[in-house]
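Colleague: Below are the chains, spelled out letter by letter.
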Amino acid sequence: MARTVTSSSARGTRLGRPLRRVPRVLLVPAVLTALISLLPVAYLVVRASGGGIETVVETIWRARTWELTVASLGLAAAVTLLSIFVGVSLAWLVVRTDLPGRRVFGVLAALPLAVPSYVAAYIWIAAFPGLTGFTGSVLVLTLVSYPYVYLPVAAALARIDPAMEEVALSLGRGRMSVVLRQLRPSAAAGALLVAMYALGEFGAVSIMRFDVFTTQIYTSYRASFDRTPAAVLGLLLVVVTFVIVVAESRSRGRAAYATRGAPPRRRRVVALRPAGKAAALVWSGAVAAAAVGFPFAGICYWLLEGASSGVRPDRLLAAFGATVGMAAAGALVSTALAVPVGVIAARYRSRTASVLEQASYVGHALPGIVVALSLVFFAVRYAYPLYQRWPMLVLAYAVLFLPAAVGAVRASVLQSPPVLEEVARSLGRGPFAVMRQVTLPLALPGVTAGAALVFLTAMKELPATLLLRPTGMDTLATRLWTETGSGAYGAAAPYAAVLMLVAAVPGFVLGRRSTKEDT
Amino acid sequence: MSMRRLIAAALLPLALTAAACGGQATQEAQTTPAPGTSATPESFGENSLVIYSGRNENLIAPLIDKLKAATGVDVQVRYGDSAELAAQILEEGDRTRADLYFSQDAGALGALSKAGLLAPLPQPLLDRVPEKYRGADGTWVGVSGRARVIAYDPRQVKDAPKSVFDLTDPKYKGKVGWAPTNASFQSFVTALREVSGEDKARKWLTDMKANDTQTFAKNGDILNALDEGKISAGLINHYYWFEKVAEKGEAAVPSKLAFPQAGDPGSLVNVAGVAVLKASKRAEVAQKATDFLLAAEAQKYFSDDTKEYPLIEGVPTAAGLPALDSIKGPDLDLGKLDSLDQTLTLLKEVGLV
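Just so you know, the sequences run in chain order A and B. Residue numbers are given in this note's numbering: position 464 of the first sequence equals residue 464, and the series is strictly consecutive. Offset between the second sequence (1-based) and this note's numbering: plus 1000.
Everything labelled a hint here was simulated from the structure, so no lab data went into it. Don't be surprised by glycine CBs; every beta carbon is placed ideally from N, CA and C.
Partner residues are not named here, just some residues of chain B that face chain A (Cβ under 8 Å, in silico):
#: 1; residue: Val1050
#: 2; residue: Leu1059
#: 3; residue: Tyr1079
#: 4; residue: Glu1091
#: 5; residue: Glu1092
#: 6; residue: Thr1181
#: 7; residue: Ala1183
#: 8; residue: Ala1225
#: 9; residue: Lys1230
#: 10; residue: Lys1348
This is chain A alone, in the form it adopts within the complex (with noise of 0.2 Å):
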C-alpha cells in the first residue's frame, strides 16, 4: 500500500483532499487560456475541412505518413527516455550523494537549456558529418531536452522529507520506494515537456536530415502551397499528443504528495564509494562535455574561424534587445495565463479540472509555423490592429511555451501544503484572496523558475518569430538565419554566441537553485 504512504500526510483527514468545484475566479481565466492554447488547433480544423473530405482521407491513408507517425514517435519515445535517464541520473548524484564538485555539475546540468537544437545539431554535423538520421536526431534532442526532466527532479529529490523514508523502512519497504513515488510525477511531467519537443521540434531534425511528422508539414506548406494535407498532418500531431497527455496524467494518478509544513532541514546524502564516485564523475563530466562544452567550443571555432567577417555592433545589440524583451514578455504572459490552470490543475479533481488543464498541452507539439499561421489567421481577421506588432508574437510565445509555464505552477503548488490554504479559508477569506495571499507567495519560487524556463525557450524561437514580428525588427535567432541562409557562418557566428550567451544567464540561475540546501 505504498499510497497510504506517499499521501499519508495530506490524506485521512477531509482537509486534505482534492477539491472539486473550480471557483469563478480561476475558472474564467483558465477557460480563457485554454481557448488561446486551442487557437492553432481550431485553425487547423477550418483548414483541413475547407480542403475536401477526400484530400483528408487520402492524406490520412498515404503509406508515407504512417512511416513519419512511426518515425515521429519512435523519436520521441528514445529522446524521452534518454532524457529521463540522463536527467534522473544527474539529479540524484547532484541531490543525493557526496559527488566532489557537485554544485558546479548541477549548474552544468542545467545549461543545455541556453544551445538552440539547431545550433547544437550544426555544430554536431559539422565535427561529425556521418551523424544524421536518427541516431543523430536523438543524440542532439537528448543533450538540449533532458534539463526538462533534470530540473523538476532534482527541485523534488531536494524536497522529498526523510521523514517518509524512515516511515517507509519502518514499514518494511525500501527507502526508494518512497523516492521512486514522489519523483514520479515530476519526472513525468518533465518527460511529457521533452516527448512533445521532441514530436515538434524541427530545426535540428532536418539539420540532421531525419523525416519527421515535422519535416513533412514543413515541406507541404514550402513545396506545395497546398494548406490542407499540412493541416491533416497537424491535426494527427494533436491527436497523438493528446494522447500522450492523458496517458501522462493517468500515470500520475491521484496521490497527494505535498508535504506537511516547512521544507526539510536535512536531507540524506548517500556516501559513494570509490569506484562510484568515479563512476559517476565520468558520468557527470560525460553529459556536461557533450551538452555544454561541446557546443560551447564549437561557438568558439566558429567565432574564430569567421573572425574576418565583420559582425555591426548596432545588429547585434537591436537583435539583442529586441530577443530579451520579446522573450521576457513572452515569459510574464505565458505564466500570467498559466497560473489559474496550474493552480486547478493542483488542487481540483474534476473533469473540468482535467480538460482544462489538457488543453493547454495539446497544442504545444505543433510545430512553430502551424502555431504562427494559425496567428495569421485570427489575426488578419479579428484583431487587425494587432497583427504584425509586438504583442502578436508575444502571444505565439504564450501558445508555444505555455506547458513549461503550467508544469511550473502546477509541481510548486502541489508541493506547497494545501492545510495553509484551507486554514485560510476556514479563516473566511475568498478563492482570490487565498490565492494572492497563500498559495502564489508560496509557490513564487517554483513559478519564476519556470518563467525562466520560458524565457529561455522563446529565446531561441525561430519560425514563429520570422512570421509574426513586426516588420523590421531581428531577433538574434531571426539574425542567425539570416546570416547562415545566405551562407555567411562567420558572420552568424556571434549572433549564435550572444544568443547561447545570453540564455545561459537564466540556465545558470535555474541550475543552482537546483543544487540549493534549502529551497
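Go by the hints and put chain B onto chain A.
Modeller: Chain B in isolation, oriented as in the chain A frame:
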C-alpha cells in the same frame, strides 16, 4: 534567497533591453529625420511600400537602399522564406500588408497567381525581360536568373559531368548530393518532367536513389560536403559556389561548376521575381519599384553582387559565367514550373520527400 536572485536575473535583461531599445530609438531618430518613418504600415504615406521578401536580407538590403535613394520611396521590408511568406499571404488574403512580393523562385509566384491574389503588371514592364522569364498571365516578372549546375570535385572526377543523366553511372554511387526538399531542386525536377516526360523523370529519380545519392537539406550543405571530398558531385544553383568563394576564398573551394549541355534539364535557368498584390492600395508605387528592379542599376547589382544573371538587355553577366543565352537549357515555359504539385506527388511516390 534564491527567489530574490531569480527576480534580479529576470530584471537585469529587462533593464538591458530598455537600454538597448532606447539606444536604438535615438539612433533611428538620428539617421532618419523624415516624418512618418516610424509610422505603422497602414498609416504610411502614399509614397511608401511594404515588400515581403523571400530573398535573403544580406543579398537584397543594399539593393533596397538603392531603391530608396533612386525613387524616394519609403520602403519597409519583411524578410522570410519565400514559400512561408507565400503561405502567409495566402492566409492574409485581401487583408495582406504586402504591396510587393519578392520571391526567390517562380513557383511561389505561380501559386499566388493561381490563388488570384496578384494584380497584372503593365505590358512595357513585362516586355523588358524575355518572355520565358515572366508569368504567362502577366502577373509576375523575373528580375534575376540563376542556373542549375552540376558542381563537381576535379580531384575525384576527371571529366566534368555533361548531363544529369551521367550521374546515375555506378562510378557516382553514393557520391552525388542533392536536396530534394529544396525549391530549386524541385523546379529542376518539374523541368525534367516537362522536358523528358513523367516516365523518364521517374526513372531518373529512381536510378539516382538506387545509386545511393546523398540527401542534403540545402544547396550550401551539398557544396560543403563536396569541398570536404565526401561526395564528388552535387546538384546546386550556380551562385552558391560564387558566394562560398567570396566568403571562404578560392583555396577553400576546390569544387568546380559544370553547365550541362544544350537542352539538358540540368541546366534549367530559374528566376527570382516580383509581383504586385491585388489588395495593395499602393500599386503605382509597387510598379515604380518593379521598374527600378528592371532597370540598369539594379540589374547590374544582380550581376556584380549576387552573381546572378541580369535579365534585361545590355547588362553584362559576371566574370567567369557563361552568357545567359549560351546556356541552352531545357526548352520550357517557366510558367509550367507551377505544376509543382505533380512534381511533389512524383517525389513522394519515389520516396524522396
